[in-house]
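Asker: Here the protein sequences come in this chain order: A and B. Add 754 to a position in the first sequence, counting from 1, and you land on the number used in our numbering. Add 120 to a position in the second sequence, counting from 1, and you land on the number used in our numbering.
Among the clues, some could well be false.
[Unchecked claim] With a cut-off of at most 35 angstroms between alpha-carbon atoms, the simulated DSBU-like pairs for lysine-lysine come out as follows:
#1 Lys919/A <-> Lys213/B
#2 Lys918/A <-> Lys213/B
#3 Lys780/A <-> Lys919/A
#4 Lys213/B <-> Lys780/A
#5 Lys865/A <-> Lys843/A
#6 Lys843/A <-> Lys780/A
#7 Lys865/A <-> Lys780/A
#8 Lys213/B <-> Lys865/A
These aren't lab readings, by the way, just hints derived from the structure by calculation.
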Amino acid sequence: MLNQVMFFLFGAMIVIFSLLTVTSRKVLRAAVYLLFVLISTAGLYFALSYNFLAAVQLTVYAGGIVVLIIFSILLTSHVSERAVMAPLKESLLSALATVAGAILTLITILKFVFVPGTGVDPHQNITDVGNALVSYNRDGYALPFEVVSVLLLAAMIGAIVVAKKEKISKK
Amino acid sequence: MIQNIPLSYYLVISTLMFFIGIYGFLTRRNLITMLMSVELILNSVNINFVAFNRYLYPQQLQGHFFMLIVIAVAAAEAAVAIAIIINIYRNFKSIDVENVDEMKY
């Protein structure tokens, strides 16, 4: 009973704040609504008893990316500035297309019968996740781990090169 | 923990979030809000991965790692995108896609 209440609370928060994120005219407010969406998603992961994923969601998404976005908003626009939206005709067409796509997908999902897995209790142990992350055996994920580390290094260098001032390279 | 909540409820929520993100991507004209719409889309995909992992294959960890990798890619993408946005702002004094319509250099 309680988990149902929590699920519907988080689900309603996700949908409402997502809508506010894409429709709010004030950019900074939209970023704060995005923060609420990400925190509610972490709540859903807690409801699924995946504590590690919820913690990652809270630290990386809600803690890292949202702070980055808010920083760049404050650097590039005034707080009182109102965002420019698409013209009315274009918005209506976009809304029509997305509503049609959503209805199609929802019908497909609700008609499909999912067979629940009959496994043992889920991995609630962070040790299992950590062991699989650096294991190179059959069920190990060492290769994607290394690939992601190279990707993060490349993104870091790329971001520095793109954002640095021109004057340095002209010397 | 997950009694009385079918898998399709999670999928409905993530579908709504995905299409709201697409709507925002189509109608927004500010680069940062378009980036926020992309974050919504990525987050809805994460919900799908995690819910499938929990309901259909609870003894395995594939969904965990897909979700972790998607988060890492999202973080890298946000960092690079914001570097590009700040560079665009320096050159054009604006980050609306309507005003940024010439390829300099």
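Asker: Need the status of pair Lys919/A, Lys213/B: alpha-carbon distance at most 35 angstroms?
Answerer: Since the Cα atoms of Lys919/A and Lys213/B sit roughly 15 angstroms apart, the hinted pair holds (cutoff 35 angstroms).
Asker: Below or equal to 35 angstroms on CA atoms is what counts here, so check Lys780/A against Lys919/A.
Answerer: Holds: Lys780/A and Lys919/A sit about 29 angstroms apart, inside 35 angstroms.
Asker: Within a Cα-Cα threshold of 35 angstroms, do Lys843/A and Lys780/A meet the stated pairing?
Answerer: 21 angstroms, holds
Asker: Is the straight-line distance between the alpha-carbon of Lys865/A and that of Lys843/A 35 angstroms or less?
Answerer: 33 angstroms, holds
Asker: Within 35 angstroms, alpha carbon to alpha carbon, are Lys865/A and Lys780/A?
Answerer: 39 angstroms, violated
Asker: Starting from Lys918/A, check that the Cα of Lys213/B is at most 35 angstroms away, please.
Answerer: 16 angstroms, holds
Asker: For a C-alpha distance cap of 35 angstroms, please report whether Lys213/B and Lys865/A respect it.
Answerer: 50 angstroms, violated
Asker: Hint check: Lys213/B vs Lys780/A, CA-CA at most 35 angstroms. Holds or violated?
Answerer: Roughly 19 angstroms separates the two Cα atoms, so the pair holds.
Of the numbered hints stated above, those contradicted by the structure are hints 7 and 8, listed in ascending order.
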